[in-house]
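**Student:** So the chains spell out like this:
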Amino acid sequence: MSLIDISGNLLYIAFFCYLIGTFLFGGAIKEKNDTAASRADKFGKVAIIVTIIGFIAHLAYFITRWIYTGHAPVSNMFEFTTAFGMFIVLSFIVLYYMYKVAALGVVALPIALLIIAYAAMFPTEVSPLVPSLQSHWLTIHVITAALGQSILAISSVAGLVYLLKNVNTKVRSFESIMFEMVMYCGVLVLGFVVATSTFSIMNYESKFEYVDTLDNVKQTTYMMPAIFGMNEYTELSEDKMTPVMEMPALIDARKLTTVVWSILFGSVLYLLIRLVLRRSVSSMLQPLVKRVNSQLMDEIAYRSVLIGFPVFTLGALIFAMIWAQVAWSRFWGWDPKEVWALITFLYYAAFLHLRLSKGWEGKKSAWLTLVGLLIILFNLVVVNLVIAGLHSYA
Amino acid sequence: MNKLLCECGHENPEGTKLCQKCGRPLSAEEKDKKIADMRYEGTAIRSKTHNKSIIDKVWNFFSSVKVGIALIIINLVVASIGTILPQEFYVSVATDAEKEKYYSDVYGWFGEIYYSLGLSDVYSSIWFQILVLMLGVSIIIASIDRGIPLHKSLKNQRVKRHASFMKRQRVIAEGQPIKNADDTLELVEQKLKELNYKVRREDQSILAERGRFSRYGPYVNHVGLIVFILGVMLHLIPGFYVDDSMWLREGETRAIPGMEGYFLKNDKFILETHDNAPQGEQLKQGVNVVAKNFQTNATLYKQKADAVAGQADDLEEVKEYEIRVNHPLKHEGYAFYQMDYRLNELKSMIFDLTHKETEESLGQLTIDLTNPEDEYELNDGAKVKLLAYYPDFAGFKDGVPQTATASPNNPAFIFKMFTAEKPEGETSFVAIQQTLEPNGENIYKMKFANVETRNMTGLTIRYDRTLPVLFIGGIIFMIGVVMGSYWNHRRIWIEQSADGTVHLAAHTNKNWFSMKKDLDKLTDAAHLPQYVDQQEPATNEQQELEGKEETEKEGKPL
Ligand code: HEM
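Residue numbers (the working numbering), protein chains in the order written: chain A, 7 to 400; chain B, 225 to 782.
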């Protein structure tokens with residue numbers, strides 16, 4: 007077995023540990039009153055040990071892949087997203103030892119699981135580095151930024167727990183519907199994973215030729231049955247699904263197809279859950295956090311932002327600017343990725359000021375942490391995959 | 225200005241919420257609160273007390289945190305709108321008309337609107353700059369407005385506080401010590417010192433404090449932000465910033481734009497690619513090869529002191545360097561970056577002067593396309609004159625050949641060939657794949673033999689004297705946020721009355737969890753009565769009861 011295979015298997019181990027850890031934490035919560043001074047019970051202890059074993063496997067994946075590729079494994083979507091998941095678990099473990107709140111585990115670990123599963127849907131091959139990425143700053147900048155983002159993401163884990171406890175899911179209100187929407191979005195990510203895995207097990211592949219915005223003829227490969235066709239497409243593969251609709255050149259129909267399949271799969275999944283359980287996902291999860299101390303959750307959410315904000319600023323703005331100055335001759339170029347790092351920074355600055363001066367605590371603050379997570383994920387997913395960054399050499 | 229006289233006899237400035245000496249609440253509003261408002265220690269901040277002149281009004285506007293947050297959000301929204309479509313500087317067309325066409329061609333009606341609203345160049349728009357400036361002003365004014373009174377009251381803290389102040393802190397304890405009542409204060413003092421508190425004692429009162437410096441964190445980070453914004457504005461001052469670029473062919477030496485008296489020579493341009501088999505994302509996007517290295521082997525020269533400006537004859541070598549991406553050549557604050565390249569640019573073209581029928585050559589000539597000669601001597605007294613040269617031939621206009629640019633992308637020539645048979649000369653127009661003979665049939669032709677090519681490198685020249693300012697701004701900012709975020713200001717006031725009863729009050733600006741851990745240790749060590757958090761609901765059960773009531777009040781069941 008080569009190093010890269012070992013690395014891949016370690017990631018599997020981590021994934022299963024987190025999965026088991028989630029259920030153990032679920033058990034830990036039910037056992038005892040979570041507000042008491044002695045929060046950790048035997049379930050909690052086992053849960054955190056399993057989580058730590060998972061994290062060590064995850065870290066070992068990271069290191070072995072680093073050795074194999076010769077550069078920090080944070081240079082493509084799969085690698086970066088997996089690392090992001092790893093740092094979320096790390097932040098959670100640290101937080102667990104600070105506050106000993108098992109309830110955080112039932113939310114943090116599933117989020118980490120979703121993120122890793124999402125990452126695994128991208129090509130996992132080792133890709134060679136273009137010249138601008140061949141720098142120690144790649145390592146320094148990306149790792150610090152990812153760490154900062156994951157600490158900030160943990161604040162929304164606490165925010166979610168807070169809302170789960172405090173939103174009244176038994177009545178239909180704007181708030182409870184919005185919260186159920188959050189749950190639905192989580193299921194959609196699962197939908198993406200299920201859709202991608204299904205079609206990849208089927209070995210689905212179909213090639214198209216199309217005309218892009220600048221009238222160049224190009225080729226592309228769909229990994230899912232084409233619902234939408236690229237601009238002026240011609241099919242190159244036989245016996246594959248013919249697109250239902252052609253899209254203008256501006257829209258990447260291949261990505262749109264992926265999005266629509268994910269929504270279809272996710273929605274079916276969501277409906278199934280609802281049919282089986284006969285109630286909303288949020289009210290199903292609610293009993294898990296019954297014993298949680300809301301005020302402590304609120305404080306954890308705030309504290310995570312406080313801890314994550316400087317790390318994020320250092321990694322995603324300061325180190326980023328230094329590297330940009332070295333690689334691209336300017337520390338700032340209003341590239342979409344840069345702008346969204348700035349937006350994240352401004353957003354959390356606004357969060358801190360709101361909290362400080364307007365006393366936005368409790369529910370309001372918890373919702374704000376969720377919006378923050380949305381911005382971070384937008385930067386990770388949409389800005390990387392949809393909005394075109396134009397400064398690349400390749 | 226009116227003064228507020230506290231019962232304790234201390235005169236406070238108007239607008240003060242908590243007496244600066246004893247801590248009694250002064251305003252009616254403040255007296256009604258169960259927990260005192262400890263922001264800025266209850267001092268009077270300027271914006272809350274002055275509201276008469278226009279200056280006051282402007283001051284109050286910018287010092288309002290509400291306004292500050294609004295400004296942050298507006299900046300955020302504008303910045304995000306600018307990422308919907310690529311900005312103009314990423315679109316490689318030159319004129320405004322072309323840009324407009326680009327946006328409407330590629331993005332349809334949306335692109336048209338986007339362009340006409342100026343969103344395609346939003347970051348250089350005066351509106352965006354005004355917004356950033358307003359944010360800067362807001363930061364400065366808000367910091368002065370709150371920072372100074374805060375500093376004063378933190379500096380002049382009294383140990384003894386009035387009972388009404390103590391009672392209205394968030395965390396309090398009251399009662400008889402469980403044991404050792406005589407030593408309570410000694411035990412407290414000892415334990416708090418152990419916990420790294422600075423302890424002051426006056427009679428039977430103790431004030432213990434820790435991490436006060438963290439209160440200055442926000443002010444320090446705001447200073448950093450201001451320094452950074454100032455640094456960015458320095459770019460506008462001439463002399464602080466040079467941004468230029470140059471194309472340099474292999475073997476060529478040229479004066480460096482923006483760097484007086486220096487020349488750069490391109491000895492060689494190297495492009496290396498990874499030899500991996502395309503896979504994954506690379507395949508999906510149809511990218512065949514991935515670049516591995518872009519490199520210009522360059523030599524930097526300096527003119528001798530007495531040389532004529534722009535003359536390249538008399539140069540001293542300064543240094544040789546391999547300019548690569550991520551490894552710019554640096555000299556005296558200037559940096560040269562590998563930014564672009566063009567491969568296989570035509571360097572010279574080689575022709576044979578050939579007899580059309582016999583195919584016999586009278587000799588070969590090599591035309592240097594960047595520096596062609598007027599006349600080329602060949603065998604047997606034959607010669608060729610170059611009457612005209614069009615480096616980038618773009619067709620005829622009114623019968624006259626045109627050149628699009630000065631780069632030899634599509635060279636065309638008008639030759640006059642002098643041979644023994646035609647001593648008066650024959651004229652021929654030669655372009656790639658095209659020959660015209662304006663004066664009828666010629667005997668000789670210029671037969672294309674070969675081309676030589678070379679690579680060209682595109683370098684960016686950058687000089688930025690604002691970098692140190694930005695760097696210092698960044699460092700100050702980081703120090704400030706770390707101070708304010710990773711430390712917090714904890715205070716504990718304790719008083720013991722003659723009968724042994726202890727009154728304790730505790731405050732921290734953030735992180736109550738750790739504050740309570742300190743208090744747990746203190747309570748334990750000094751046998752104090754259990755503290756209560758006045759903000760926390762007493763028990764979970766009570767909270768659940770409240771939850772039930774809410775359920776019944778709110779809306780219909782799901
Ligand atoms: C991008 C811009 C800004 C950043 C990054 C920033 C950053 C910060 C940070 C990190 C804190 C500490 C928060 C905490 O510890 O919870 C803070 C506090 C504060 N900021 Fe800002 N700030 C910005 C703009 C502003 C503006 C425009 C105002 C003006 C109204 C302002 C007024 C304040 C005030 C009054 C405090 C509280 C100070 C104290 O507690 O003593 N800030 N700022």
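Hints were generated in silico from the structure; no laboratory data involved.
Since the structure is predicted, the reported quantities are computational estimates derived from the model, not experimental observations.
Be careful, since some hints might not be right.
[Claimed, not checked] Taking lysine to aspartate or glutamate and the DMTMM-like style, the derived pairs with C-alpha atoms no more than 20 Å apart in a straight line are:
hint	chain 1	residue 1	chain 2	residue 2
1	B	K609	B	E569
2	B	K257	A	E367
3	B	K376	B	D329
4	A	K224	B	D329
[Stated by the list, open to error] Selected chain B positions facing chain A (in silico; Cβ < 7 Å):
hint	residue
5	V291
6	I293
7	Y326
8	Y347
We put the CB at the ideal spot given by N, CA and C, even for glycine.
**Student:** Can the restraint linking K609 (chain B) and E569 (chain B) be considered satisfied, given a maximum Cα separation of 20 Å?
**Tutor:** With a Cα-Cα distance of about 24 Å, the restraint between K609 (chain B) and E569 (chain B) is violated, given a limit of 20 Å.
**Student:** How about Y347 (chain B): closest beta carbon in chain A under 7 Å, or not?
**Tutor:** OK, holds: Y347 (chain B) within 7 Å of chain A, min 5 Å.
**Student:** At a threshold of 7 Å, is the proposed contact between I293 (chain B) and chain A supported by beta-carbon distances?
**Tutor:** It holds, given that the least Cβ distance between I293 (chain B) and chain A is near 5 Å, below 7 Å.
**Student:** Does K224 (chain A) pair with D329 (chain B) here, judged by a C-alpha cut-off of 20 Å?
**Tutor:** holds, 18 Å
**Student:** K257 (chain B) and E367 (chain A) were given as a pair; does the straight-line alpha-carbon distance stay at or below 20 Å?
**Tutor:** holds, 18 Å
**Student:** K376 (chain B) and D329 (chain B): Cα distance at most 20 Å?
**Tutor:** violated, 62 Å
**Student:** Minimum Cβ distance from V291 (chain B) to chain A below 7 Å?
**Tutor:** violated, 11 Å
**Student:** Return the status of the interface hint for Y326 (chain B): holds when the least beta-carbon distance to chain A is below 7 Å, violated otherwise.
**Tutor:** violated, 9 Å
Of the numbered hints given earlier, the model fails hints 1, 3, 5, 7; all others are met.
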